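Enquirer: Chain by chain, the residues run as shown.
Protein chains: 2
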Amino acid sequence: MRIVVLAGGIGGARFLRGLKAAAPEADVTVIGNTGDDIHLFGLKVCPDLDTVMYTLGGGINEEQGWGRADETFHVKEELNAYGVGPDWFGLGDRDFATHIVRTQMLEAGYPLSAVTEALCDRWKPGVRLIPMSDDRVETHVAVTLEDGERRAVHFQEYWVRLRASVPAEAIVPVGAEQSKPAPGVLEAIAGADVILFPPSNPVVSVGTILAVPGIREAIAEAGVPVVGLSPIVGDAPVRGMADKVLAAVGVEATAAAVAEHYGSGLLDGWLVDTVDAGTVERVEAAGIRCRAVPLMMTDLDATAAMAREALALAEEVREA
Amino acid sequence: MRIVVLAGGIGGARFLRGLKAAAPEADVTVIGNTGDDIHLFGLKVCPDLDTVMYTLGGGINEEQGWGRADETFHVKEELNAYGVGPDWFGLGDRDFATHIVRTQMLEAGYPLSAVTEALCDRWKPGVRLIPMSDDRVETHVAVTLEDGERRAVHFQEYWVRLRASVPAEAIVPVGAEQSKPAPGVLEAIAGADVILFPPSNPVVSVGTILAVPGIREAIAEAGVPVVGLSPIVGDAPVRGMADKVLAAVGVEATAAAVAEHYGSGLLDGWLVDTVDAGTVERVEAAGIRCRAVPLMMTDLDATAAMAREALALAEEVREA
Chain A
1 MRIVVLAGGI GGARFLRGLK AAAPEADVTV IGNTGDDIHL FGLKVCPDLD TVMYTLGGGI
61 NEEQGWGRAD ETFHVKEELN AYGVGPDWFG LGDRDFATHI VRTQMLEAGY PLSAVTEALC
121 DRWKPGVRLI PMSDDRVETH VAVTLEDGER RAVHFQEYWV RLRASVPAEA IVPVGAEQSK
181 PAPGVLEAIA GADVILFPPS NPVVSVGTIL AVPGIREAIA EAGVPVVGLS PIVGDAPVRG
241 MADKVLAAVG VEATAAAVAE HYGSGLLDGW LVDTVDAGTV ERVEAAGIRC RAVPLMMTDL
301 DATAAMAREA LALAEEVREA
Chain B
1 MRIVVLAGGI GGARFLRGLK AAAPEADVTV IGNTGDDIHL FGLKVCPDLD TVMYTLGGGI
61 NEEQGWGRAD ETFHVKEELN AYGVGPDWFG LGDRDFATHI VRTQMLEAGY PLSAVTEALC
121 DRWKPGVRLI PMSDDRVETH VAVTLEDGER RAVHFQEYWV RLRASVPAEA IVPVGAEQSK
181 PAPGVLEAIA GADVILFPPS NPVVSVGTIL AVPGIREAIA EAGVPVVGLS PIVGDAPVRG
241 MADKVLAAVG VEATAAAVAE HYGSGLLDGW LVDTVDAGTV ERVEAAGIRC RAVPLMMTDL
301 DATAAMAREA LALAEEVREA
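So the sequence lines, in the order shown, correspond to chains A and B. Residues in the first sequence are numbered from 1 upward in steps of one, following the working numbering. Residues in the second sequence are numbered from 1 upward in steps of one, following the working numbering.
A couple of the hints might just be wrong.
Have a look at the derived ranges for each label pair, beta carbon to beta carbon [said to hold, decoys possible]:
id: 1; chain 1: B; residue 1: Glu177; chain 2: A; residue 2: Ala142; range: 52 to 60 Å
id: 2; chain 1: B; residue 1: Glu62; chain 2: A; residue 2: Leu300; range: 32 to 40 Å
id: 3; chain 1: B; residue 1: Glu62; chain 2: A; residue 2: Ser165; range: 42 to 50 Å
id: 4; chain 1: B; residue 1: Gly214; chain 2: A; residue 2: Thr72; range: 55 to 63 Å
id: 5; chain 1: A; residue 1: Ala118; chain 2: B; residue 2: Trp88; range: 16 to 24 Å
Read the hints as simulated data drawn from the structure, not as lab findings. Keep in mind it's a predicted model, so treat the numbers as computed, not measured. Ideal Cβ placement from N, Cα and C applies to all residues, glycine included.
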């Protein structure tokens, strides 16, 4: 079975670990969000790609969900001692090596997709990880700061430095319109048996991937079940601050509203948590097959069960 | 008193610490060797400049004489885990930050001299540290490897990886002929009261600085005492492998031969170690005023005493 997954960072990576446990024989291609990539200290940092790679490759810091295990922060301490910022982005020493290798390869002329493949040669994540695009796409967030200043800030600045403490007025994936899907992305979608949206952020993770011209269309036209899992449980994000960015695109932070946001033109099936069982009817009324199952990724077993439910719903869609 | 010092790495840096103790009120300009600079992992590494900066700024690993104190090596471990080399060059995590800042500034268009000044803003070495040139000069060493292959290797590869285990057949400061002294170098020399050659390597440290067109001439024409300290004591280098590279330029590894190599056209005074007192006559016969004093930099006091002897010899030269 060929499965394509559109993944953001922590939520997507943890779901993928469950999917691999649930379907160990499946051929999984992950289309990774690069909209939150950032250049720091002259280095190209791809937080979502790395979170997937480290999580599936066994190098992740399990507690925080991002960054490397057994990490130290001496490079960052010293950079800050030189007065070189930012100091709010937690780049560890082991993590730095990934960015150094990536940057060196990019400067040598390799596209990000080839670089990602080379990095994965080491990590062996057990999936094919492809960035959504080799072109630079950078999600910016329009905000009004506390002093009244209106600014567009890099998504990482909004998420990490400001901790989404001010409302996001608009989310703009800068460069998306001019970007092209990376080599292999459209082919993977066209050849998929199932396409999954993990409980990643529907705006700045899955939404950014869908903003790359051609990807949304390819998914809609693939003619295979497209099933998503709600990142919102009981009217709050399971993790992260998805509600903040949903508000910016005028979507309420509920499982049903997110499904409607994707829409029946794209999504065939939707899993909501059992606490949101009351919303199943609303989702189905929108033309999307819906089931209520436990959606808390508390451990690998629970996450694998979620993946099995998603695949079962895909089969239901296929047979319908 | 304005003192100009031509410095290599460890020997030069330690001497400078003694000089600062001996002449705390002096205005010291250090012209640093950049011929052993190397690009590693896409980063510009300037070992000699950093050794001077860290040593005088209090950040040096005192035992090994280079690199940072309290260092870890996680970035390098990870780079090597990615299969990205070299693995023979000991870049620590704290040290990496310096190279990241430097590379970022160079890529932003700042010349190395401005970058060095910016890095020194943090370290406050108490001297003005100027690279010999803003242009790329890279010392290469012609060798015949054990398998008979003839190759030109970067000086760092010869020194660190091969540990000078094969004879150096030629030393070539690639790019030196086309290089220009960095801003401030010729001005510092022209305005100096004394010019000192610390017990640095006469070929690949001081020799490389002198290979930048204009520097040797400026020193010869400055009309002020030029005094050096022998890096060879008792027919062996005090530290490092200066004998290996002296052989490549046809100079015997003795205190007197090094003085003759610099020559009376450049050098006015020369300090040899007391064990080499028998060679004073030979040096003076070459037209260079010579004294035999203890030249082992065993501690700060001993090093400060050496600096005082050098300054005293400079006064002798001036009054002669």
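Enquirer: So, for every hint listed, does it hold in this structure?
Expert: Here is how each hint holds up against the structure:
{"no.": "1", "hint": "B:Glu177 <-> A:Ala142: 52 to 60 Å", "verdict": "holds (55 Å)"}
{"no.": "2", "hint": "B:Glu62 <-> A:Leu300: 32 to 40 Å", "verdict": "violated (48 Å)"}
{"no.": "3", "hint": "B:Glu62 <-> A:Ser165: 42 to 50 Å", "verdict": "holds (45 Å)"}
{"no.": "4", "hint": "B:Gly214 <-> A:Thr72: 55 to 63 Å", "verdict": "violated (45 Å)"}
{"no.": "5", "hint": "A:Ala118 <-> B:Trp88: 16 to 24 Å", "verdict": "holds (22 Å)"}
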